[in-house]
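Q: Sequence:
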Amino acid sequence: MKKYKSIIEIGESARKASKLLAIASSEQKNLALLKMSEHIGLSANKILEENKKDLKQAEEKNISPAFLDRLMLNKDRLDDIRKSLEEIASFEDPVGKIQSSWERPNGLKISRVSTPLGVIGVIFESRPNVTADAGALCLKSGNASILRGGSDSIHSSLAIGECLEKGLYDAKLPTSAIQVINSTDREIVKHMLNGMNKNIDVIVPRGGKSLVAEVEKEAKVPVFGHLEGICHIYIDKFAKKYKAIEIIHNAKLRRPGICGAVETVLIHHEMVDKILPELIDNLIQNNCEVRGCEIVQNINPDVIPAVQKDWTTEYLLPIISIKVVKSLNEAILHIEEFSSGHTESIITENDERAEIFQKHIDSAIVMHNASTQFADGGEFGLGGEIGIATGKFHARGPVGVEQLTSFKYLVKGTNHLRD
Numbered sequence: 001m002k003k004y005k006s007i008i009e010i011g012e013s014a015r016k017a018s019k020l021l022a023i024a025s026s027e028q029k030n031l032a033l034l035k036m037s038e039h040i041g042l043s044a045n046k047i048l049e050e051n052k053k054d055l056k057q058a059e060e061k062n063i064s065p066a067f068l069d070r071l072m073l074n075k076d077r078l079d080d081i082r083k084s085l086e087e088i089a090s091f092e093d094p095v096g097k098i099q100s101s102w103e104r105p106n107g108l109k110i111s112r113v114s115t116p117l118g119v120i121g122v123i124f125e126s127r128p129n130v131t132a133d134a135g136a137l138c139l140k141s142g143n144a145s146i147l148r149g150g151s152d153s154i155h156s157s158l159a160i161g162e163c164l165e166k167g168l169y170d171a172k173l174p175t176s177a178i179q180v181i182n183s184t185d186r187e188i189v190k191h192m193l194n195g196m197n198k199n200i201d202v203i204v205p206r207g208g209k210s211l212v213a214e215v216e217k218e219a220k221v222p223v224f225g226h227l228e229g230i231c232h233i234y235i236d237k238f239a240k241k242y243k244a245i246e247i248i249h250n251a252k253l254r255r256p257g258i259c260g261a262v263e264t265v266l267i268h269h270e271m272v273d274k275i276l277p278e279l280i281d282n283l284i285q286n287n288c289e290v291r292g293c294e295i296v297q298n299i300n301p302d303v304i305p306a307v308q309k310d311w312t313t314e315y316l317l318p319i320i321s322i323k324v325v326k327s328l329n330e331a332i333l334h335i336e337e338f339s340s341g342h343t344e345s346i347i348t349e350n351d352e353r354a355e356i357f358q359k360h361i362d363s364a365i366v367m368h369n370a371s372t373q374f375a376d377g378g379e380f381g382l383g384g385e386i387g388i389a390t391g392k393f394h395a396r397g398p399v400g401v402e403q404l405t406s407f408k409y410l411v412k413g414t415n416h417l418r419d
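Each residue of the sequence shown is one higher than the one before, counting from 1 in full-length UniProt numbering.
Hint data in this document are derived by calculation from the structure and do not stem from the laboratory.
Straight-line C-alpha distance at most 25 Å; calculated SDA-like pairs for lysine to any residue:
#, residue 1, residue 2
1, Lys237, Arg353
2, Lys326, Asn282
3, Lys83, Gln28
4, Lys166, Asp79
5, Lys359, Glu379
6, Lys109, Asn415
7, Lys243, Lys274
8, Lys220, Asn182
9, Lys166, Leu48
10, Lys220, Asp201
11, Lys274, Ser327
12, Lys326, Trp311
13, Lys241, Asp273
14, Lys220, Glu9
15, Lys83, Leu48
16, Lys359, Asn369
17, Lys46, Asp69
18, Lys408, Gly391
19, Lys109, Asp93
20, Lys240, Glu349
21, Lys237, Glu330
22, Lys75, Leu55
23, Lys309, Asn298
24, Lys56, Gly257
25, Lys61, Thr184
26, Lys240, Asn250
27, Lys274, Ile295
28, Lys408, Val113
29, Lys166, Glu49
30, Lys83, Ala66
31, Lys46, Leu68
32, Lys237, Asn250
33, Lys172, Ile8
34, Lys46, Arg82
35, Lys408, Ser114
36, Lys326, His368
Here the structure is a predicted model, which is why all the values come from computation and not from measurement.
Input sequences plus hints: build the corresponding full structure.
A: Here is the structure:
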């Protein structure tokens with residue numbers, strides 16, 4: 001019971017902190033974010049040493065290269081974390097914004113004003129940068145946060161969490177506004193989902209399919225999450241070859257282990273001879289395994305036959321599946337059947353066909369002539385993201401500071417009485 005009592009205390013202190021954050025000034029929140037960045041810089045060596053402990057444990061478990069890439073921190077990645085914190089500090093405060101206002105015929109004045117959500121629980125696995133991103137985005141939007149990282153990133157997350165706590169202290173904000181749980185016990189996840197309903201307003205899972213599925217099944221509070229990133233790129237019959245090759249190379253190989261990496265390429269049958277040979281060579285020469293339908297296999301003997309499971313797999317590895325389609329409509333139908341609702345892109349010089357694609361595809365992010373790896377809150381100008389939501393309620397796509405707010409109505413009268 002002691003374990004659960006401590007978790008309840010964390011929830012209660014987060015709720016108290018959320019009340020103070022809701023009325024904190026923009027200057028105070030921004031100061032905390034800048035101080036957090038400063039402390040991460042000062043503690044860089046310690047954070048990297050703690051990260052080495054996580055990497056060593058992961059290597060001993062024979063974890064995949066994609067997983068290790070998500071887990072690894074280095075100086076450049078710490079600099080990116082710092083830049084993200086500073087960028088979030090520079091953003092307009094999303095709290096207290098008048099979204100709309102109007103006056104009724106009877107003189108009643110009504111305004112819809114943005115407000116924080118309250119307390120946000122974030123459950124994540126191998127990405128230690130989520131500690132800083134999630135904590136900072138929640139703080140900027142006036143929310144307290146409870147962060148529970150996986151056992152794989154526990155040392156890195158706690159080291160970063162110390163820097164966030166110091167930043168809060170420097171800005172005279174409650175240090176319980178961002179709390180990193182220092183236990184890897186999976187029972188704590190269940191307790192967050194089921195035993196803290198009065199203290200957590202929304203849960204954001206960041207991790208593999210099994211984690212997100214468990215959270216969405218068990219949570220008694222709203223969830224912002226996506227099960228996986230099965231992202232598609234369709235090469236239209238009006239595509240330029242160099243764009244198709246460069247975009248797909250970037251979308252797959254820049255970082256194969258992120259949720260915005262393309263997993264399936266669909267290509268119009270008229271473009272097979274014009275684009276596929278060079279595209280396949282480019283991928284294979286860069287150590288990417290290519291799986292394909294029968295037509296694709298005939299292009300290059302190194303192509304592995306694609307099976308039904310390939311169209312439903314988020315590889316997160318340098319593996320890609322390619323299928324030839326007869327039309328734009330067939331590409332749309334394939335995506336409708338197999339997409340996870342994350343990100344899709346069309347490569348074409350025909351704006352009308354691009355518009356048809358973007359209108360019919362119902363994913364959170366639909367692109368035209370752009371790499372799917374732009375599916376990122378930072379690239380959208382949101383200053384990082386707490387996750388990419390593929391649902392349709394409240395938040396969809398990159399969840400940044402704006403999506404971490406709700407609203408209330410302020411009504412002003414002059415002794416108004418209803419008949």
